[in-house]
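Please work from the sequences and hints to get the whole structure.
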Amino acid sequence: MIRIEITLGLLATIATVFLIALYGTREDERMSTRARAYDVRSVERGAEMYEQYCASCHGPNAVGGMCPPLNEYSGLVGGTRGPGIAWRMEELGLDRTAAYEYVYSAIDAGRTVSSRPWRWVGNRSAGNEGVMAMPAWGQNNGGPLRPDQMKDIANFIVGFDDFVPTDFAEAEAWLAEIQADPNIEMVSVYDEPGAQAEPPSEDDPIAYGEYLFGTKACNTCHAYEPAGSVANACPPLDGVLAIAAERVADEDYDGAADSALAYLRESMLDPGAYIVPEYRESGSSIMPNLALTESETDSLIAFLTGELPEGFEAAEEPEDEEEATESEEDDAASEDEDAASEDEASEDTEEDASDEDEEADEESDGDEEEAEDEDEE
Amino acid sequence: MIGSQLRDLRSTVNGELTKLRRYDWRAWFAAVTDYVVRGIMAGLSAGELRAILRGDAPTEKPNPRYKAQVKSFILHIRPKYYQRGSTWFTHTWRLGWFSTYFFIVETITGVILMLFYAPTPERAYGDMLLLLSNVPFGEFMRDMHRLGAEGMVAVVLLHMVRVYFTGSYKGERAFTWFTGVILLLVTLLLSFSGYLLPWDQLAYWAVTIGTSMAEAAPAIGTEVNLLLRGAVDIWAGGLMRFYLLHVLLMPLLAIIFISVHYYKVAREHSISLPAPIIEGDMPAAEKKYQEERIDLIPNLIIHELMLVAVATFLMIWACVTFYHAPLEQHADPQITPLHTMAPWYFLWLQGMLKLGDKAWTGIIIPTIIFAILFVVPWLDRNPLRMARNRPIGITMGILAVILTLVLTYMGLPQYGIVTPPAQDILSELVPMTHPGPVRAADWDEIETTEAGEKRTYFVSYPEWMLEDERYADKDKYVFIPALGEEFEDEHFAHNHFLEIMREFKADVESQATLIPPSDRPLAQVTVEYSQPELKRLEFKIQWLEFETDPRTSEVIIDEEGNPVFKTKLDSDEIAVNEQVQVVALHADSEYEH
Amino acid sequence: MTADTAMLGTDAQTDEQAEMSRREFLNYAWLASLGILSAEMAVVTYQFAMPRLGPGEFGGPVDIGIFDLLPGPGSDPEPFNKAKFWWVVNDDGAAVALYKVCTHLGCIYSWKPDQAKFICPCHGSQFEREGGFILGPAPRSLDQMVIRAYDGAGTLVAETNEAGDPLQIPSGSRLVVETGMRIIGEQKTV
Chain A
0 MIRIEITLGL LATIATVFLI ALYGTREDER MSTRARAYDV RSVERGAEMY
50 EQYCASCHGP NAVGGMCPPL NEYSGLVGGT RGPGIAWRME ELGLDRTAAY
100 EYVYSAIDAG RTVSSRPWRW VGNRSAGNEG VMAMPAWGQN NGGPLRPDQM
150 KDIANFIVGF DDFVPTDFAE AEAWLAEIQA DPNIEMVSVY DEPGAQAEPP
200 SEDDPIAYGE YLFGTKACNT CHAYEPAGSV ANACPPLDGV LAIAAERVAD
250 EDYDGAADSA LAYLRESMLD PGAYIVPEYR ESGSSIMPNL ALTESETDSL
300 IAFLTGELPE GFEAAEEPED EEEATESEED DAASEDEDAA SEDEASEDTE
350 EDASDEDEEA DEESDGDEEE AEDEDEE
Chain B
0 MIGSQLRDLR STVNGELTKL RRYDWRAWFA AVTDYVVRGI MAGLSAGELR
50 AILRGDAPTE KPNPRYKAQV KSFILHIRPK YYQRGSTWFT HTWRLGWFST
100 YFFIVETITG VILMLFYAPT PERAYGDMLL LLSNVPFGEF MRDMHRLGAE
150 GMVAVVLLHM VRVYFTGSYK GERAFTWFTG VILLLVTLLL SFSGYLLPWD
200 QLAYWAVTIG TSMAEAAPAI GTEVNLLLRG AVDIWAGGLM RFYLLHVLLM
250 PLLAIIFISV HYYKVAREHS ISLPAPIIEG DMPAAEKKYQ EERIDLIPNL
300 IIHELMLVAV ATFLMIWACV TFYHAPLEQH ADPQITPLHT MAPWYFLWLQ
350 GMLKLGDKAW TGIIIPTIIF AILFVVPWLD RNPLRMARNR PIGITMGILA
400 VILTLVLTYM GLPQYGIVTP PAQDILSELV PMTHPGPVRA ADWDEIETTE
450 AGEKRTYFVS YPEWMLEDER YADKDKYVFI PALGEEFEDE HFAHNHFLEI
500 MREFKADVES QATLIPPSDR PLAQVTVEYS QPELKRLEFK IQWLEFETDP
550 RTSEVIIDEE GNPVFKTKLD SDEIAVNEQV QVVALHADSE YEH
Chain C
0 MTADTAMLGT DAQTDEQAEM SRREFLNYAW LASLGILSAE MAVVTYQFAM
50 PRLGPGEFGG PVDIGIFDLL PGPGSDPEPF NKAKFWWVVN DDGAAVALYK
100 VCTHLGCIYS WKPDQAKFIC PCHGSQFERE GGFILGPAPR SLDQMVIRAY
150 DGAGTLVAET NEAGDPLQIP SGSRLVVETG MRIIGEQKTV
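These protein sequence lines map, in sequence, to chains A, B and C.
Following numbering that gives the first Met the number 0, the numbering of the first sequence begins with 0 at its first residue and continues without gaps.
Following numbering that gives the first Met the number 0, the numbering of the second sequence begins with 0 at its first residue and continues without gaps.
Following numbering that gives the first Met the number 0, the numbering of the third sequence begins with 0 at its first residue and continues without gaps.
Be careful, since some hints might not be right.
DEER-style ranges, computed between Cβ atoms [as the list claims (entries may be wrong)]:
no.: 1; chain 1: B; residue 1: I371; chain 2: C; residue 2: M49; range: 26 to 32 Å
no.: 2; chain 1: A; residue 1: M0; chain 2: B; residue 2: V69; range: 25 to 31 Å
no.: 3; chain 1: C; residue 1: N80; chain 2: B; residue 2: L411; range: 43 to 49 Å
no.: 4; chain 1: C; residue 1: I35; chain 2: B; residue 2: L157; range: 41 to 47 Å
Here are the simulated DMTMM-like pairs of lysine to aspartate or glutamate, each with C-alpha atoms no more than 25 Å apart in a straight line [said to hold, decoys possible]:
no.: 5; chain 1: C; residue 1: K187; chain 2: B; residue 2: E546
no.: 6; chain 1: B; residue 1: K534; chain 2: A; residue 2: D147
no.: 7; chain 1: C; residue 1: K187; chain 2: B; residue 2: D331
no.: 8; chain 1: C; residue 1: K187; chain 2: B; residue 2: D548
no.: 9; chain 1: C; residue 1: K111; chain 2: A; residue 2: D107
no.: 10; chain 1: C; residue 1: K111; chain 2: A; residue 2: E224
no.: 11; chain 1: B; residue 1: K453; chain 2: A; residue 2: E50
no.: 12; chain 1: C; residue 1: K83; chain 2: B; residue 2: E214
Calculated from the structure, these hints are not laboratory results.
Glycine is no exception: its CB is placed at the ideal position from the N, C-alpha and C atoms.
Below is the structure:
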């Protein structure tokens, strides 16, 4: 009996030795298959969470809509180029390998404002202006997602990898529905996503100024009707030239400007120089210094006041909302007409420009007429 | 003068060298070896060791094997011998031995696993994934640990049942029984505390439910709950406390009480002789034979080592082949998965909870049950141990076992919890808690159209759709035939995914409450590509319901004798209910069912 | 009757019931004091192990001061961020403490004064001033925390009931919001 037990023990032990060795030889393969499986399961979970949390804004299969497309495919959005993550990384001058971090931080902390509001306003449609353009999803920022969940979604997004979906019909139908929905109103001047594929050129200061008003995110703080912005955290900019004249003359003012336009310049280039009393205690932060170039400042002033910088011709107000490029053509065509109209015999052939935007209101028209006589800085 | 001194020196040296050469080095070496061996082996010489291995009688008097048990710390807790009758396999089933065996396996595998695990919510789940995918033998160790845990709870419970039915808790063994019930509690707590550590949905919710039961305890419930969880809800504090319970406090208590328990068995009252030997009508000679001693060294030890070898082989074989501990999704306090289940040894408790108020059925009655268990030896006044001499005891025991089994069954999620049928069907196809049949199916068999476009599988549909022109494209629209009918296209015949779809069809059509609409499919699945290796599956069930009387739950019939459909809240349109589930599947995700 | 009595000499008696010797007494006293020490250590350990839901922290009672000093009926809800609730007083002067976490997916919703309602930025769920569900993907109205009002002597004079009805609070009461006691909002009816 004892010998049977000894034999049994011996056999069991030897069998165990072999079993473990056999298992050991297969471990490398098992681990690499498993590691790969876990990586792709993260993508699966990310895809499912994407549908739940992100698809309502970024579209089915990340084709875009109210918010930028996140897949690689360009060409779906409104028939014009809709850049995906890789394109965006290039545009920003970032390394493609940083795409994961870029996406992760956007999910985690959200976006206060859209970086391309002339195309995508995100959450900030009419009636919903106080929210962030993209909500913050990370739990540390008040959202519902844990780090591992955000990691899954980011893995899904960066996994698109030049993939072109073959079935657009549903995505296009969905997009058409968004555009037809009367409840979704784009705040930006350009109603249709993809309406402007390229930023306007600096040769058209007012159009360029309008473009800057969006990209520099002025619209997120300052109300200005021509830009359709209703943000009220900071001084409103409608009729700003007249307001600037008052400010400069006010005895409370302690800045360095001596004219309305100079005041405007100072406000943009050195925001901390003077803060209007009503806004000192509001709790909102001082306007950031945006490091604007000369040309950018000029263009913004042109957009805000109608005052063109040196060397630029005025353009006639077009009948409808046209893009900057088209207005420039109008400019060239109507130059002769303008030359014959109200024209001060001053240094050069500057004219007042009225806004190309038909939403320009009477107040600003009035301002422009007043500003007509102002000296150019 | 120098010359003579040198000559003296030389002869001295020569003399010493000769002495060295003639010295019995062999004997010296043997003596040193013998000294060392005896020192390590508690007085057993090398020759004695050889005699043990050969099965010979002890080589010295007094018996050095018995002496070893007095001199050695490790051996002193072992018995010198057991009586033959006590070693019948069918008397003890070796359950006590295996209880200790499993504890040791758990300790070893547990300490090894500790290398890669940190008990914080930020790291715990990720550490589990790492263990399973990037640590050699990581999955193996974890599976061994889990299997050992299940084994330990099972064996400890069976051991208690065995001791009860052989009456081996009576008389001088009462105190040992008492420590045994403590060990049962310690084992259950060890298992329960370890359950939380993977920090997946199963762990999180099972422990949330368990600690919520503790919260139901009268008077001290809130405090006990806070002590266990370290906060109002389980999070970092709870995980840390459970971890410390699991790796420090409970093992410490286990070691202490195992020592006390086993010392009594080994050194005081030994394993009981089977009652038939003592109380039965066994002939005297047979009785004497059964009372003969079987020594620890070598017989008992060899038997025990054999048990260890065989059990270890079986455990390792199980973990290498079929046994794999589950890991669900990351713990999510916002989502309780369907079919949340307690670990099997707590199902009886969950069954009880379905019977009544959780303060009573969750805490008070279980406490009473354990109190009774503790005092069984003092409740049972019958000194006899044979089954036929203790009808009441045996009957009570059998009833208790049956009751536990019934309660365990009632604790299963299928019992007493009503899930809406559409949700239930989808949760079987693509469950939250495990992969399920669809994810485990061959990815290539879940097909889109030939060109890679979206394909719709109509799983259950009104007849007219088969003839409708809109769905004539056989590539884009596939109609699932009933079980028993063949697919038209040979290509689909051996597709396992489609088999699953047929079962889906059968499930959905057999539900009386899911009334198929006449204008759209009852159930369908669409498959399309999201990314080159990622498919998007959308499962949809759309159904109508009959209007029922809220008081009697009977279907309302109209004047013509037809049942009335439920309508939308603000109109007369018939309401179509919808249950949708979207699943993303990657080619390499390698799910097992 | 034993060795120690013999050693104590004249102090001891030799019958069965020996009077307690000094040594014996001292030993008992020492054992008793060890017992007390053990009990004390147990209490120390218990206090160590019990999580402290400090006043003001989430999970415990939060003292928000005298009722009359808080914003009154008709004013905007007052946020208490660390304790995660909004303080709302309705037109009848009754109060609710709304849990700041949206009942949908756990985002922190905001108060929109121009629209006089709570709107969640994540998915647009909207809730009335007193927490009732208006629209959106949230499954139910906002959850509430139990409010307890104490008079000057520290006696409990009012407490939010189980149904979560707005609480009428006597003037001058000191208010404590129990952030560990939550009343789940009413399921939305759709």
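Results of checking the hints against the structure:
For B:I371 and C:M49, the Cβ-Cβ distance of about 31 Å falls inside the hinted range of 26 to 32 Å, so the restraint holds. Our hint of 25 to 31 Å for A:M0 and B:V69 holds, since their Cβ atoms are close to 28 Å apart. Against the hinted window of 43 to 49 Å, the Cβ-Cβ separation of C:N80 and B:L411 comes to about 44 Å, which satisfies the hint. Checked against the hint of 41 to 47 Å, the C-beta distance between C:I35 and B:L157 comes to roughly 43 Å, which is consistent with it.
Distance hint between C:K187 and B:E546 is fulfilled; the C-alpha atoms sit about 21 Å from each other, no more than 25 Å. Of the pairs offered as hints, the one joining B:K534 and A:D147 holds, with about 22 Å between alpha carbons and a cut-off of 25 Å not exceeded. This hinted pair checks out: C:K187 and B:D331 have alpha carbons roughly 23 Å apart, not beyond 25 Å. Among the hinted pairs, C:K187 with B:D548 is consistent with the structure: their alpha-carbon atoms are about 22 Å apart, no more than 25 Å.
At most 25 Å may separate the alpha-carbon atoms for a hinted pair to count; C:K111 and A:D107 meet this at roughly 24 Å. With a C-alpha separation of about 22 Å, the suggested pairing of C:K111 with A:E224 holds against the 25 Å cut-off. Our distance criterion of 25 Å between C-alpha atoms is met by B:K453 and A:E50, whose separation comes to about 17 Å. Annotation: proposed proximity of C:K83 to B:E214 holds, straight-line Cα distance about 24 Å (limit 25 Å).
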